[in-house]
Amino acid sequence: MSLRDAYGARARDSASYLAWVRERLYAASTPDYEKVRRMALETEELFEGEVRLTGEPYHVHCFMVGIISVERAGVCDPDTLNAAVGHDNREFVEEKLDKGVSHTKFDSWRAELGRVEEKFGYMTERLIAANTSPRVNHTRSSRAAHDIFYARMAE
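According to this note's numbering, the stretch in the sequence shown is residues 236 to 390, in order.
Since the hints were made in silico from the structure, they are not lab data. Take these hints with a grain of salt, some might be off.
[What the hints assert, rightly or not] Distance condition first, Cα-Cα at most 27 angstroms in a straight line; then the derived BS3-like pairs of lysine-lysine:
id: 1; residue 1: K331; residue 2: K354
id: 2; residue 1: K334; residue 2: K270
id: 3; residue 1: K331; residue 2: K270
Predicted model only: the values in this text are computed from it and were never measured.
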């Protein structure tokens with residue numbers, strides 16, 4: 236059975252993902268659940284209308300990464316789970332802004348990028364920062380961006 240078959244229904248939207256979180260990890264009234272709930276809702280809102288090459292909504296990928304992190308790697312703390320779910324958020328917003336895409340959603344997220352630590356905690360911010368690839372642009376090649384990324388991982 237594929238991962239998509241096993242977990243796909245739980246990742247189709249934030250409501251399904253959060254029901255899985257409540258069933259598997261945290262009661263709804265806990266601070267850990269609230270932190271995970273905020274990341275899920277923000278991620279789903281950010282990727283609203285975006286689709287992957289497979290045709291599925293982009294947020295499904297984000298929720299699948301969170302589910303796989305728990306089911307296959309034993310992740311059980313909210314900071315690591317949030318970093319798994321939010322792993323593409325920063326790159327996505329930076330890419331859109333670099334391309335000159337103007338939308339109130341991206342403009343508001345520009346301000347939010349600097350508030351990840353404040354909203355979700357130091358560890359979530361560090362994990363997302365460590366796993367965010369540097370952007371390729373007119374001054375940085377794809378190879379240079381990957382070299383920076385892998386050097387960060389070795390630190």
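Checked hints:
| no. | hint | verdict |
| --- | --- | --- |
| 1 | K331 with K354 | holds, 22 angstroms |
| 2 | K334 with K270 | violated, 31 angstroms |
| 3 | K331 with K270 | holds, 26 angstroms |
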